Each structure stands twice: as structure tokens, then as C-alpha cells.
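Asks: Residues per chain are reported as follows:
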Amino acid sequence: MPASLRARLMVAVSAVALAGALFFPLWRVSLTAPQYPEGLGMHIWAHTVSGVEPNDLQNINGLNHYIGMKTIVPESIPELRFMPAGIVAMSVAGLLVAAMGRRRWILAWGSTLLLSAVVGLVDFWRWEYDYGHNLDLEHAPIQVPGMSYQPPLIGSKKLLNFTATSLPATGGLLAIASVILAVGAPLVARHDDAGRRASSTAHSRARGIA
Amino acid sequence: MVYGFACAPANRPAGAVGSADAANKVYVAPGQHDEFYAFMSGGFNGQIGVYGLPSGRLLKIIPVFSQFPENGWGYSEETKPMLETTFGNIPWDDLHHTALSQTNGEDDGRWIFVNANNTPRVARVDLNTFEASEILQIPNSGGNHGSPFITSNSEYVIASTRFSVPIPQADVPIADYKKAFKGTISFIAANEPGKMDVAFQLLVPGYDYDLARAGKGPSKDWVFLTSYNSEQAYEKLEINASKADKDFIAAINWKSLEACAKNGKAENWPVDYTHNVMDEFSRVARSETKKSVKMLTPQSCPNSIFFLPTPKSPHGADVDPSGEYIVAGGKLATVIPVHSFTKLQQAIKDKAFETEISGIPVLKYEAILAGEVKDPGLGPLHTEFDGKGYAYTSVFISSEIVKWKLGTWEVVDRTPTYYSVGHLMIPGGATTKPAGKYAVALNKITKDRYLPTGPELTQSAQLYDISGEKMKLILDFPTTGEPHYANAILASKIEKQQKKYYSLAENRHPQVAKAERDAGVERKGKVVHVRMTAIRSHFAPDNIEGVQVGDTVLFHITNLEQDWDIPHGFAIQGAINSELLIMPGETRTLKWIPKSIGVFPMYCTDFCSALHQEMQGYVRVSPVGSSVPLTANTLKAKGQVARAAQRGITLPTPPGSSAGAVDAHAGHPTGTPRPR
Ligand SMILES: [Cu+2]
Numbered sequence: 244m245p246a247s248l249r250a251r252l253m254v255a256v257s258a259v260a261l262a263g264a265l266f267f268p269l270w271r272v273s274l275t276a277p278q279y280p281e282g283l284g285m286h287i288w289a290h291t292v293s294g295v296e297p298n299d300l301q302n303i304n305g306l307n308h309y310i311g312m313k314t315i316v317p318e319s320i321p322e323l324r325f326m327p328a329g330i331v332a333m334s335v336a337g338l339l340v341a342a343m344g345r346r347r348w349i350l351a352w353g354s355t356l357l358l359s360a361v362v363g364l365v366d367f368w369r370w371e372y373d374y375g376h377n378l379d380l381e382h383a384p385i386q387v388p389g390m391s392y393q394p395p396l397i398g399s400k401k402l403l404n405f406t407a408t409s410l411p412a413t414g415g416l417l418a419i420a421s422v423i424l425a426v427g428a429p430l431v432a433r434h435d436d437a438g439r440r441a442s443s444t445a446h447s448r449a450r451g452i453a
Numbered sequence: 012m013v014y015g016f017a018c019a020p021a022n023r024p025a026g027a028v029g030s031a032d033a034a035n036k037v038y039v040a041p042g043q044h045d046e047f048y049a050f051m052s053g054g055f056n057g058q059i060g061v062y063g064l065p066s067g068r069l070l071k072i073i074p075v076f077s078q079f080p081e082n083g084w085g086y087s088e089e090t091k092p093m094l095e096t097t098f099g100n101i102p103w104d105d106l107h108h109t110a111l112s113q114t115n116g117e118d119d120g121r122w123i124f125v126n127a128n129n130t131p132r133v134a135r136v137d138l139n140t141f142e143a144s145e146i147l148q149i150p151n152s153g154g155n156h157g158s159p160f161i162t163s164n165s166e167y168v169i170a171s172t173r174f175s176v177p178i179p180q181a182d183v184p185i186a187d188y189k190k191a192f193k194g195t196i197s198f199i200a201a202n203e204p205g206k207m208d209v210a211f212q213l214l215v216p217g218y219d220y221d222l223a224r225a226g227k228g229p230s231k232d233w234v235f236l237t238s239y240n241s242e243q244a245y246e247k248l249e250i251n252a253s254k255a256d257k258d259f260i261a262a263i264n265w266k267s268l269e270a271c272a273k274n275g276k277a278e279n280w281p282v283d284y285t286h287n288v289m290d291e292f293s294r295v296a297r298s299e300t301k302k303s304v305k306m307l308t309p310q311s312c313p314n315s316i317f318f319l320p321t322p323k324s325p326h327g328a329d330v331d332p333s334g335e336y337i338v339a340g341g342k343l344a345t346v347i348p349v350h351s352f353t354k355l356q357q358a359i360k361d362k363a364f365e366t367e368i369s370g371i372p373v374l375k376y377e378a379i380l381a382g383e384v385k386d387p388g389l390g391p392l393h394t395e396f397d398g399k400g401y402a403y404t405s406v407f408i409s410s411e412i413v414k415w416k417l418g419t420w421e422v423v424d425r426t427p428t429y430y431s432v433g434h435l436m437i438p439g440g441a442t443t444k445p446a447g448k449y450a451v452a453l454n455k456i457t458k459d460r461y462l463p464t465g466p467e468l469t470q471s472a473q474l475y476d477i478s479g480e481k482m483k484l485i486l487d488f489p490t491t492g493e494p495h496y497a498n499a500i501l502a503s504k505i506e507k508q509q510k511k512y513y514s515l516a517e518n519r520h521p522q523v524a525k526a527e528r529d530a531g532v533e534r535k536g537k538v539v540h541v542r543m544t545a546i547r548s549h550f551a552p553d554n555i556e557g558v559q560v561g562d563t564v565l566f567h568i569t570n571l572e573q574d575w576d577i578p579h580g581f582a583i584q585g586a587i588n589s590e591l592l593i594m595p596g597e598t599r600t601l602k603w604i605p606k607s608i609g610v611f612p613m614y615c616t617d618f619c620s621a622l623h624q625e626m627q628g629y630v631r632v633s634p635v636g637s638s639v640p641l642t643a644n645t646l647k648a649k650g651q652v653a654r655a656a657q658r659g660i661t662l663p664t665p666p667g668s669s670a671g672a673v674d675a676h677a678g679h680p681t682g683t684p685r686p687r
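In the order they appear, the protein sequences are chains A and B. If you read the first sequence in this note's numbering, its first letter stands for residue 244, the second for the next number, and so on. If you read the second sequence in this note's numbering, its first letter stands for residue 12, the second for the next number, and so on.
Take these hints with a grain of salt, some might be off.
With a cut-off of at most 30 angstroms between alpha-carbon atoms, the simulated BS3-like pairs for lysine-lysine come out as follows [unchecked claim]: (1) B:Lys511 / A:Lys313; (2) B:Lys399 / A:Lys400; (3) B:Lys362 / B:Lys323; (4) B:Lys511 / A:Lys401; (5) B:Lys206 / B:Lys71; (6) B:Lys444 / B:Lys399; (7) B:Lys399 / B:Lys362; (8) B:Lys354 / B:Lys266; (9) B:Lys511 / B:Lys602.
Per label pair, the in silico range of CB-to-CB distance [stated by the list, open to error]: (10) A:Phe367 / B:Ala34: 50 to 58 angstroms; (11) A:Phe367 / B:Lys606: 39 to 47 angstroms; (12) A:Thr291 / B:Asn139: 24 to 32 angstroms; (13) B:Lys301 / A:Pro277: 49 to 57 angstroms; (14) B:Val610 / A:Ala383: 24 to 32 angstroms.
Derived contacts from chain A toward chain B, CB cut-off under 7 angstroms, selection only [as the list claims (entries may be wrong)]: (15) Asn298; (16) Asn302; (17) Pro384.
No wet-lab data here; the hints were simulated from the structure. In this text, all values refer to a predicted model and were calculated from it rather than measured experimentally. We treat Cβ as the ideally placed atom computed from N, Cα and C, and that holds for glycine.
Using the sequences plus the hints, can you model the full thing?
Replies: Right under this line is the structure:
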């Protein structure tokens with residue numbers, strides 16, 4: 244039996260929201276310091292990392308060289324090459340699943356999306372960890388014993404004179420909405436099916452078929 | 012106490028307010044911005060002082076006609092051509108007046124124009140960079156005091172000869188003044204950046220020409236400028252040029268001159284004059300000599316100039332916001348005469364002429380007079396307007412500002428200045444829409460207003476609140492140079508357009524190094540080019556060897572930063588010119604000729620980062636003919652690239668650097684081997 248229209252619609256919307264996340268930055272890392280009242284910021288997209296203002300990335304890299312942090316070069320992050328394809332694949336799959344409307348497929352698709360999201364976040368955290376901890380201490384002019392510079396995944400953290408704030412951006416919010424819908428869809432499908440089954444049983448009884 | 016009382020006599024500021032009240036009016040809290048930018052001419056310092064109003068805080072000094080060792084203006088190879096003239100490279104001039112560009116008679120915040128008195132020139136200063144971008148020499152002029160005055164759509168900047176001279180210049184007895192000496196009024200096409208030019212000149216009788224205002228509204232096709240010494244005295248002018256009862260305001264229809272020039276009525280006069288332009292992208296100034304100018308005469312273009320008799324040795328000619336009234340300030344006059352533009356038109360139509368001088372009709376005083384302000388004080392100089400129907404005249408000898416009403420010509424208020432006010436300024440006072448909130452008195456004498464500093468005291472300005480019926484003195488503030496005229500503009504009109512850095516990608520300097528790996532050294536005979544980069548907190552290269560005594564070493568330093576407010580500086584021991592201040596994304600060049608062997612330090616002069624003190628290096632200088640090879644230590648650059656390569660990373664090229672690369676690398680020094 245195909246899933247309820249509501250559940251299928253949720254999957255479709257989820258797939259579209261996911262595709263939408265390609266067109267907006269997923270995450271924003273903002274840095275402020277006394278001498279940067281206007282702030283510096285980075286946008287993490289599915290396919291790249293960019294400055295919020297044209298030269299922010301260059302300026303962040305410039306500042307990072309003091310603590311021996313690696314230069315942030317989007318081309319050097321392989322995930323950014325796979326992620327857009329993955330998102331497109333998941334979106335297309337989502338639309339197909341919505342069209343087919345099989346509950347089992349909805350469940351499978353939703354679980355995959357949830358899993359990918361978790362893997363994505365863990366991977367992001369791993370990159371942050373790597374940038375923040377694997378410092379080139381041989382060439383770092385500023386070395387504070389015991390200090391690492393990993394920005395938070397979500398929230399704010401003081402890193403020397405900078406306050407780093409990391410939050411999902413428009414694309415990230417779309418992706419989160421997509422995951423919520425995707426996780427919700429199988430549940431709604433089950434709920435609706437239970438309802439449909441009950442009502443169809445009642446209906447059949449009334450017609451005397453049972 | 013007795014001394015104190017004796018020293019602070021009854022001339023307590025008449026219009027002064029309680030100090031707490033005044034302090035409130037000028038207080039701009041930390042972190043807050045002023046309401047106006049004020050651009051005050053620097054007089055004999057050849058610069059512009061930029062102040063915030065109402066606080067009176069000094070924000071910047073813009074060097075224009077004078078070398079400025081603080082940032083290398085006129086010392087760096089890129090800026091030297093800006094001070095080029097047909098007399099050679101001139102390190103100083105006397106900057107007197109300012110004129111903000113206008114659109115429809117209103118300040119539009121694009122540029123400010125300023126004049127050089129001594130070697131006649133006019134400069135354009137861009138208000139998005141606060142830097143002089145263009146300087147044009149004015150030919151056939153002996154002193155450029157009456158300048159720059161701008162028409163209401165910035166079509167022309169007007170400049171007149173202060174000292175009449177033989178035109179063209181000639182070896183004649185000074186006693187032939189009346190016969191041989193002439194003046195010119197120049198119309199400088201100003202509306203296209205980089206293309207200022209003397210569009211045409213008008214040859215006028217040998218008087219001294221002075222201040223001017225272009226008309227506005229109904230009079231916008233006209234310009235009015237004062238002249239003195241209609242006696243044509245050439246010695247002891249103090250006495251001999253003060254004899255005539257009336258001198259003249261010249262009323263000139265520039266539209267008609269423009270038409271005459273277009274219609275071939277002008278003669279092409281051969282004359283050399285220079286035009287200097289700072290290229291927007293290379294940030295290298297270029298100097299060019301122009302060869303001729305279009306000259307008109309009152310005879311070749313009739314009905315384009317008229318003389319308005321005006322008492323006595325007039326200084327200011329000021330047009331009110333409506334464009335109807337032309338107010339004259341006569342240094343020796345006992346009244347302020349006000350001419351009417353409507354009456355002027357009628358008088359021309361009626362041919363109400365007193366006489367004619369060298370083809371210029373002199374109109375009858377009574378036929379053009381709108382009214383006279385009686386008892387204006389001694390030595391009225393210059394008038395500004397508040398847009399509410401009042402005029403404010405600076406009065407030099409009796410040291411006061413006199414407020415009077417347009418139309419009734421009655422004096423309604425007066426307040427002392429400390430001391431001897433020259434010009435005064437109301438923000439927008441020269442436009443159709445003055446912001447009649449403040450007036451600034453630009454004073455000549457400062458005695459007892461500030462802590463004394465030997466014989467030479469600071470220059471001084473005073474800020475008056477003119478929002479009410481009575482003028483109120485609310486602030487004294489010192490200024491640099493001697494400010495003559497000034498302009499102020501609402502900060503909101505230009506604050507947002509400020510450039511924060513120059514784009515490295517668009518840097519087309521022939522010796523730019525857009526990344527550390529582009530840095531290097533090259534010898535061409537006795538000239539050593541050093542392409543060096545500066546970024547927090549190092550130079551690349553930071554050690555150079557193989558330079559020889561007597562070499563001309565050109566340090567081309569590119570500031571790689573693309574961040575606001577991060578200039579780097581550069582200085583090297585024994586350089587006989589200046590330091591460099593290099594703005595983000597910019598390349599500037601310092602010339603250095605080592606005179607003796609040794610190892611000479613160089614360093615960054617602008618505190619740029621925590622490790623600014625470490626931003627330094629050495630140049631080793633060997634004897635002539637030494638076998639020490641020319642090398643530059645670019646290890647640091649190598650190291651970075653190498654480390655990045657180890658991680659499988661190609662270091663990011665600054666945005667767009669490949670676009671400019673062809674240009675930038677054409678004919679480049681090859682430099683030290685670059686790691687690839
Ligand atoms: Cu520096």
C-alpha cells in the first residue's frame with residue numbers, strides 16, 4: 244500500500260529543501276575582536292568555503308598564520324567536491340521516493356538522510372578539530388601553551404582575542420528542515436496508515452464485506 | 012587675579028553661551044561620528060585639513076601641493092609626477108580655497124577642488140579616497156588666488172589671475188604695466204575625472220582678480236568675480252591701489268564664452284602647461300605637457316563680460332542661494348553693496364553703461380544695485396548664507412561676523428571673532444541648499460586663545476551656532492596651516508562611499524608583486540629593482556645582498572593586505588627622501604642610493620600588528636665591482652609554498668591576480684628563482 248499523501252508530500256518538500264541548501268551557505272563562522280568591530284566571517288557551502296565579505300577568507304588566513312593554523316583552501320577539502328553530488332542524488336532520490344510512495348522506501352531514504360547529516364556534522368567537526376589542533380608550531384609566531392583553536396560546531400567560543408560564533412546559515416536551516424521532514428515522513432506515514440486501516444476496516448464492515 | 016582680570020577685559024564674547032551649554036553642543040561622544048566633514052584649506056602648508064564638526068577634531072591631512080614625508084606624497088616615485096610643473100618638480104605651494112563639486116547647485120560629494128596660488132594650479136581631490144587624483148597647471152596666469160570656483164553642475168572650475176603679468180610672458184619694463192600687463196580668467200573643464208583641462212581663457216585688463224562665485228538658479232550661466240587695483244598701480248599698491256572709489260565685479264556669462272570657444276572665436280595660443288593624473292589602477296601618477304590654450308577676448312566674444320562698479324577694493328563676490336543677489340565684500344568699503352541679477356539683466360538690455368574699458372561695458376552702479384548694508388563693520392570680506400534669508404559677512408578689521416537680512420539689508424546680529432576673521436564658512440553656504448546650523452570663522456590671529464608656543468601660535472577656527480536668532484560661539488579649535496576658505500558637507504553624503512582598500516586584483520602597477528612568490532630582485536646596469544611584498548608581519552624578501560655603492564635601488568613595495576586600516580610603512584636607513592606608507596593593495600616605490608658599504612636596516616613604520624617590531628630586514632651594500640651576487644632572501648615565501656605543497660595544497664592566488672598578470676609581468680624583473 245502506498246504511503247499517505249501527507250507523508251509523500253513531506254518527502255517531496257524535504258527533497259526540495261535539501262536541493263535548496265545547495266544555493267545558500269550551510270554554516271557561518273563569525274569572528275569578532277576588539278580590532279575587528281565589523282567582524283570577519285566565513286560561509287561554508289556545500290561546494291566551497293567563502294568569506295562573508297570579499298576578502299574575509301584571505302584576512303582570516305592571514306590572522307591564522309600567527310598561530311600556525313593551516314591556510315583554509317576550499318580546493319583542498321575533498322568533501323566539498325562530493326557533497327553537492329550527494330545532495331543532488333539524495334534530492335532526486337527523495338522525489339522518486341515521494342512519487343513511488345512506498346513506505347519502506349520512505350523509511351530507507353529518511354534514515355539515509357539522517358545518517359548523512361550526522362556524518363556530515365561529525366566530518367565538519369573533524370575538520371574544525373584538525374584546523375584547530377594541528378598547528379605548525381615550528382613556524383607559528385604566537386604559541387600559547389595548551390591552547391587550541393577549534394571553533395565550536397554551534398555556539399560561541401573565545402579564542403584568544405577573537406570570539407568565534409558558529410551557526411547554521413540559510414542552507415543549513417534548509418538542510419535541518421529537510422532532515423526533520425525526512426525523519427518525520429515515515430512516522431507520519433505509519434500514523435496515517437494506521438488511521439486509514441482503521442477507517443477502511445470500519446467502512447468495509449458497514450458495507451458488510453467483512 | 013588682578014592680572015587675570017586685566018587680561019580678560021570687557022570683550023568677553025558677546026555671543027558666547029554658558030560653557031556647559033556650549034560643551035553639550037559640540038560634544039561628540041567616544042565612538043560617535045561628527046555630523047559634518049569640514050575641508051579646510053591649509054594655506055601655506057599646501058594641504059587640506061579635514062575636521063569633524065561640531066567637535067573640531069582633526070581627522071586627516073590631505074597633502075596636495077606640498078610634499079608630505081608622513082606618507083611619502085611627492086617623495087615616492089608614483090606620486091612625484093603629481094608635483095610636476097613646467098617649472099620643474101615643486102615641493103611646495105600655497106593652497107587657499109576649496110570648492111566641493113555640485114550637481115544642480117547642491118554639494119554632491121564627488122570631489123573637492125583646491126587651488127595653488129604661487130605656481131598656478133588647480134587640483135581635484137577624490138572624496139572616496141581623500142587623495143588628490145589630478146593637478147592641472149594654469150597657463151597665462153600670474154598667481155592663482157581667485158580659484159577654484161565651481162559652476163552649479165561642476166561644468167567648470169573658474170580660476171583668475173591675481174597678479175597681472177605680461178601675457179604671453181615677456182621681458183618688458185615693469186613701468187609698462189598699463190600697456191603690457193594683462194589678466195586671464197580660466198575656465199577649467201572639471202566634470203570628467205582624469206580629464207581636467209583649460210577649456211578656454213578670457214583675456215582681461217591688467218587688474219588684480221580675486222574671489223568669485225558662480226551663479227545658481229536663474230544666474231547659473233554666470234560667474235561673478237571681484238577685481239581690485241583698477242588703478243593699475245604697479246608699486247606701493249597699499250596706497251596706489253586704494254585710490255579709486257570703486258573697483259569692479261566682473262560679471263561673466265560663461266555659457267556665451269563656451270559658445271564663442273566652440274564657434275571658433277578663440278585663438279589657439281601656444282603655451283606649455285602640465286597635467287598630472289594619478290592612474291586609478293596602477294596608482295602611478297603620469298605627467299603630461301599640454302601645448303596650447305584657447306584664448307578669447309571681450310572683443311572676440313562681445314556681451315560675455317561686464318564690469319559692475321563696486322566699492323572699494325572688493326574681496327568676496329558671493330551669490331545667495333536663490334541666485335538673485337550678488338554680495339560684494341569691500342576690504343575698504345563702508346557699506347556692503349548687493350547687486351541684483353534681475354537688474355543686471357535689465358541694465359544690459361537697456362545699455363545702462365557708464366563707460367567701456369577694453370571692450371568691457373561698465374554698468375551704472377545705481378542701475379544694478381539691489382541695496383546696501385549700512386554699518387557692516389570695518390573691512391567686510393566674505394559672505395555666506397544660511398538658507399533662511401540671512402547673510403553672514405566676515406569683517407576683518409573690526410574682527411566680527413555680521414548677520415543681516417537679505418531684502419531689507421538690515422544688520423540683525425553681530426558677534427566678535429578671535430581674531431581677525433578672513434573667510435567664514437557655513438556648510439553648504441555656497442550652494443542652493445545651505446545647512447544653516449553652524450558657521451565657522453577662519454581667523455588670522457590667535458593671541459591668548461590657546462597655550463602660547465613661542466612666536467608662532469597655532470592657527471585657529473571658531474564654531475558658531477547659528478540655528479537661533481543670535482549667533483553663539485560654541486568652540487575654538489586649532490587648525491593646521493592657515494585655513495583660508497573651507498567647505499563642509501553632511502557626513503552622511505560621503506561617509507558610506509569611503510574606499511577601504513585598493514583591490515590587489517586590480518593593481519596594475521608595472522612592478523606589482525601580488526603574492527610573495529612574485530617577489531624578487533633584478534639588476535639592470537646600475538639600477539636594482541626590488542619587488543617586495545608587505546603583509547603582517549613581514550617583508551618578502553627581508554634580506555637583500557649584492558647591492559653596490561652608488562646603485563639606484565628602487566624598492567617597489569606591494570601591500571598584500573585586503574583589509575581596512577592596515578597600511579604598512581617602509582623606511583631604510585640613510586634614504587634622503589621619506590618613508591612610504593602603502594595602503595592595502597597598493598604598490599609604492601622608494602628610491603635609495605647607498606653611499607657607503609655596510610648592512611643597512613629597513614623596517615615597517617606603521618604599527619601594523621603584534622609583531623610589527625619584527626617587520627624588518629637588511630640590505631647589504633658592497634663596493635662597486637664586488638662579486639657578491641644579487642640575491643634576495645625569499646626563503647620565507649619558499650617555505651610557505653613548500654609547506655603548503657607538502658599538504659597537497661596550492662596556496663591561494665589572490666583573487667583576480669591572473670587577470671592582471673599579463674600586464675603586471677610584462678617586462679618584469681625575473682627575480683630570484685621561484686619555487687613551483
Ligand atoms: Cu607592518
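Asks: Could you run down the list of hints and mark each one as holding or not?
Replies: Hint check:
A threshold of 30 angstroms between alpha carbons decides the hint, and for B:Lys511 with A:Lys313 the separation of about 27 angstroms falls inside it, so the pair holds. Only pairs whose Cα atoms come within 30 angstroms are accepted, and B:Lys399 paired with A:Lys400 is rejected, the gap being roughly 56 angstroms. Distance check on the hinted pair: B:Lys362 and B:Lys323 sit about 24 angstroms apart at the alpha-carbon level, within 30 angstroms; holds. Between B:Lys511 and A:Lys401, the direct Cα distance comes to roughly 27 angstroms. Compliance with the 30 angstroms bound is thereby established for this hinted pair.
Distance restraint check for B:Lys206 and B:Lys71: the Cα-Cα separation of roughly 26 angstroms lies within the 30 angstroms cut-off, and the hinted pair is therefore satisfied. Taken as a hint, the B:Lys444 and B:Lys399 pair is honoured in the structure, with Cα atoms around 10 angstroms apart against an allowance of 30 angstroms. For the given pair, B:Lys399 sits about 34 angstroms from B:Lys362 by alpha-carbon distance, which is inconsistent with the 30 angstroms threshold. Our distance criterion of 30 angstroms between C-alpha atoms is met by B:Lys354 and B:Lys266, whose separation comes to about 19 angstroms.
Annotation: proposed proximity of B:Lys511 to B:Lys602 holds, straight-line Cα distance about 27 angstroms (limit 30 angstroms). A hinted range of 50 to 58 angstroms holds for the C-beta pair A:Phe367 and B:Ala34, which are about 54 angstroms apart. About 59 angstroms separates the C-beta atoms of A:Phe367 and B:Lys606, a value inconsistent with the hinted range of 39 to 47 angstroms. The hinted window of 24 to 32 angstroms between A:Thr291 and B:Asn139 holds, with their beta carbons roughly 31 angstroms apart.
B:Lys301 and A:Pro277 have their C-beta atoms about 51 angstroms apart, which keeps the hinted 49 to 57 angstroms range intact. Between B:Val610 and A:Ala383, the C-beta spacing of about 28 angstroms keeps the proposed range 24 to 32 angstroms intact. Look at A:Asn298: its Cβ gets to within about 4 angstroms of chain B, closer than 7 angstroms, so that hint holds up. Hint status for A:Asn302: holds, given a least beta-carbon distance of 5 angstroms to chain B, under 7 angstroms.
Against a cut-off of 7 angstroms between C-beta atoms, the interface hint on A:Pro384 holds, since the closest Cβ of chain B lies about 6 angstroms away.
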